[in-house]
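Trainee: Below, each chain spelled out in residue letters.
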Amino acid sequence: MSAAAQSSADALSATFAALADPTRRAILARLASGECSVSELAEPFSMSMPAVSKHLRLLERAGLIVQRRDAQRRPCRIEAAPLKQVSEWAEHYRHIWEERLDRLDAYLEQLTTKEKSHGRQQRSKPR
Amino acid sequence: MVVSNAVNRASFQVSTPSDEEIRMTRLFNAPPELVFEVMSKPEHVKQWWGQLGEGYSVPVCEIDLRIGGKWRFVNRHPKGEVCFYGEYREINPPGRLVFTEIFEQFPDAVSVVTAELQREGTQTRFIATVKYPSREVRDIVIGSGMERGAAASYDQLESLLGRLQ
Numbered sequence: 001m002s003a004a005a006q007s008s009a010d011a012l013s014a015t016f017a018a019l020a021d022p023t024r025r026a027i028l029a030r031l032a033s034g035e036c037s038v039s040e041l042a043e044p045f046s047m048s049m050p051a052v053s054k055h056l057r058l059l060e061r062a063g064l065i066v067q068r069r070d071a072q073r074r075p076c077r078i079e080a081a082p083l084k085q086v087s088e089w090a091e092h093y094r095h096i097w098e099e100r101l102d103r104l105d106a107y108l109e110q111l112t113t114k115e116k117s118h119g120r121q122q123r124s125k126p127r
Numbered sequence: 001m002v003v004s005n006a007v008n009r010a011s012f013q014v015s016t017p018s019d020e021e022i023r024m025t026r027l028f029n030a031p032p033e034l035v036f037e038v039m040s041k042p043e044h045v046k047q048w049w050g051q052l053g054e055g056y057s058v059p060v061c062e063i064d065l066r067i068g069g070k071w072r073f074v075n076r077h078p079k080g081e082v083c084f085y086g087e088y089r090e091i092n093p094p095g096r097l098v099f100t101e102i103f104e105q106f107p108d109a110v111s112v113v114t115a116e117l118q119r120e121g122t123q124t125r126f127i128a129t130v131k132y133p134s135r136e137v138r139d140i141v142i143g144s145g146m147e148r149g150a151a152a153s154y155d156q157l158e159s160l161l162g163r164l165q
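Going down the list, the protein sequences come from chains A and B. Under my numbering, residue 127 is the last one in the first sequence; the count climbs by one each step, no gaps. Under my numbering, residue 165 is the last one in the second sequence; the count climbs by one each step, no gaps.
Simulated from the structure, these hints should not be mistaken for laboratory data. Don't take every hint at face value.
Stated by the list, open to error - Pairs of lysine-lysine, DSS-like flavour, derived with a Cα cap of 30 Å:
(1) B:K46 x A:K114
(2) B:K46 x B:K70
(3) B:K41 x A:K114
Can you build the whole structure from these sequences, using the hints too?
Mentor: Pasting the structure below:
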């Protein structure tokens, strides 16, 4: 495996691990609507600040958020690049599979129609 | 656990048989023999696999249909190419084909696809079970919109990912 492919795979694994937790996904969803302070993020989850900070550190390590050093506030914002990478990957398995099967269906339809009008030898010779 | 969002795709269903798997089923108006052939011969695969609109093509389609044999498909699109490859693990025409599938950009994420073809009169029920490396990976795939009505956090992630695309 090339170094670039290796680091891309590692990055994907880190992103998957960070996203595997519902609290962290909810934090990301909250950050998607704009920058928030740590205490603003802690509010909706009945959770201690250290517990929230732990989630934030994990998200930061995965490159999913960036935390600014702004005195007490330490505002966080979302980083789109790794999510976009995951999204591209997942996209393949979602509608590409569905589309693929639709195209297979259409192709089979084409073949069987041809077969009915020209006989079985057409089967392994698509135009 | 069922998704079908278009009339002509009404037979398409998605379910999650285990923590690491996603199962997709679909009916085809052809016997299993033909479906198997169309899935496993390059001259056929080139005609349906990959996105095939304007500016799309399948310039590489290699199939070595033996246990341990490799396959490699390239889909050319207007902005470049995407490559998928893998290896055949079980070959039992016309009922069953098992292979690994890797998206070249993410070589560590190996999924195993089990394709089962069941005869139903003159039709074939196609059942593809995709096993992902972990529950996390599978959940991300589902969370990206594969399964509607999932937990609220998934819905949020889905809309988030949708906005970022």
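Trainee: Indicate, hint by hint, whether the structure satisfies it.
Mentor: Hints, verified against the model:
1. The straight-line distance between the Cα atoms of K46 (chain B) and K114 (chain A) is roughly 18 Å, inside the 30 Å bound, and the hint therefore holds.
2. Among the hinted pairs, K46 (chain B) with K70 (chain B) is consistent with the structure: their alpha-carbon atoms are about 16 Å apart, no more than 30 Å.
3. This hinted pair checks out: K41 (chain B) and K114 (chain A) have alpha carbons roughly 18 Å apart, not beyond 30 Å.
Hint compliance for this structure: no hint is broken.
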